[in-house]
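2 protein chains.
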Amino acid sequence: MMGGDLGPRVIIPAIAQALQKNSNLTFLLFGNQHQAIPLLQKYTLQNHPKIQFHHTEQVIDADISFSKAIRQSKNSSMRLALEAVKEGKAQGCVSGGNTGALMGLAKLLIAPLPNIERPALTSLIPAMNGKSTVMLDLGANIEVSDYQLQQFAEMGNLFAQVMLGLVYPRISLLNIGTEENKGTAQLQAVHQQLKNRQDLNYIGFIESDKLTSYLTDVIICDGYTGNIALKALEGAAKNIIALFKKEKADSNICRSTKRYLLKLIFYRYYRKLQEINPDRHNGATLLGLSKVVVKSHGGANSNAFCYAIDYAIQQIEGDIPSRIMQGLSQLE
Amino acid sequence: MMGGDLGPRVIIPAIAQALQKNSNLTFLLFGNQHQAIPLLQKYTLQNHPKIQFHHTEQVIDADISFSKAIRQSKNSSMRLALEAVKEGKAQGCVSGGNTGALMGLAKLLIAPLPNIERPALTSLIPAMNGKSTVMLDLGANIEVSDYQLQQFAEMGNLFAQVMLGLVYPRISLLNIGTEENKGTAQLQAVHQQLKNRQDLNYIGFIESDKLTSYLTDVIICDGYTGNIALKALEGAAKNIIALFKKEKADSNICRSTKRYLLKLIFYRYYRKLQEINPDRHNGATLLGLSKVVVKSHGGANSNAFCYAIDYAIQQIEGDIPSRIMQGLSQLE
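Those protein sequences? They're chains A and B, same order as listed. If you're matching positions, the first sequence starts at 1 in full-length UniProt numbering and goes up one per residue. If you're matching positions, the second sequence starts at 1 in full-length UniProt numbering and goes up one per residue.
Simulated from the structure, these hints should not be mistaken for lab results. Since the model is a prediction, treat every value here as computed from it, not as a measurement. All the pointers check out, no bait thrown in.
The list treats identical chains as one, so a pair stands whether inside a single copy or across any two.
In silico SDA-like links for lysine to any residue, alpha-carbon gap of 20 Å or less:
no. : residue 1 : residue 2
1   : 238       : 298
2   : 86        : 323
3   : 210       : 301
4   : 42        : 17
5   : 86        : 107
6   : 68        : 177
7   : 210       : 125
8   : 68        : 188
9   : 68        : 178
10  : 42        : 28
11  : 238       : 129
12  : 68        : 180
Throw the hints in and build the complete structure from the sequences for me.
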């Protein structure tokens, strides 16, 4: 269940971690054996019964256009991983590679659910109270129609029900203000359409400074806006946590008399900050496909990559694609 | 130099603070005397030689459309403040009121600089190293033309030169990736146009997780994108600082043996976090007008409002409108 151009240095320790937590998992790995084997040895995963390694040297570059990526994709680790999912050899795919290529190939190889016009990149984002909020689209669709935004609301609604166990989850539309006259003509139109939906608990616009405030359960936006908002949030969180870690490192040179107390205090802070640590919420799923395909952050470390694996497992266990399909068919 | 629907409870203490720092300032205040006078008394500013108070009861509501706001604007505090600027009675206006109304009225009453198609909301945003980055547009123009984005780059360039004292400041375009094929068709087109400009130090796309990384000096975007990105950043910063402050308050109940050490440690943190405290960077100017008009955050406290006043003063002292005009005329 694994493809990725991210480099085995992150993926293999993440797999070791995932297997430690759940020894029932099976991994199909696609990548370059010259890079992977020393790492598999290091983590004592060589010839592991739950890992099948498929060697390929073909990789899709990070900075090429989608059409080039598709041409370049034959025998690439990403394509092979997706083909394994398509053929039922794996139940899901996790990749840290080129987002555009992953989405394009996934849509090419794995059927979207019936009537889904555009799958949407969907994540659980952290709320300050320790809970999570569903957000989509985070970058799959730069421009979307009114109808597609409504469909994102429908999919997000079902995703929140299954993944967060919510009944009648609150749904909001991301905008630059909460008043009805704010934002683009499209947002104003979709706002009216969603207000008229009895089947959705639509509560109105939300601004991007409230993403983590737990004022809503599902945040809907086009992929361009979602990407801008989420990266801004993640950047701020990462930077502030980096400041904090630097202080923590500095404190190691404090005298031993202070040490116990420092540890105590830092522990409290650290736990607080961990709640909004973007690593813990790594992983965006292409919601609307008939199989589970998860994109990990390009810059993820192995902890973060392990969270992306968890995210895929939760969706496979919750049978998200079927639940979405059932939910949508009841609408029609 | 002051109008605002924000409430005198924030503005009047901010003015007291500003006058303490610089006794040469003069303020024209527009608002409801029944609210203001008790506060002026509290801060011993009643009959202050540097404050002229103009009573009005008319206020522009926060949540009405622009056209309604204009109709409602006669004798409103905001309009009176802008008229004072127009007539030369004040050198600049600071307001915490309805952003749409402020921008609309400012454009109606105060001439834009020659050849400026659209004034843009412009702020200095904090970088993690303690420096600042110019960012525009933050919400004045939901949709813009390619030419207008280029003009934002020209204005941002001059603003960074004057306000930050930079020579040949680095200019970036906000996008959802740094590769040439990322983002909307408009961003790709403007990217090529800016690359061909010899007079601008355009360094390419920047992603929203790098807003505070000091990788650039000027960040250009349309007002919708800028608003989404900046609010996401501010929301994250505010939330994390709030977590921190809560911890700080909690610590007050710690035993006195710990107290000195806690203070020491918290002080270091606090100073670090202050560097990226959004309060310190409150204030967005409508760049491209012939006078200085600054919008303060609707939710600003008096410290933050005082920063918005400082921001206006810096621009008045730096004679930003004339410098922008001179710079642009040299381009043609």
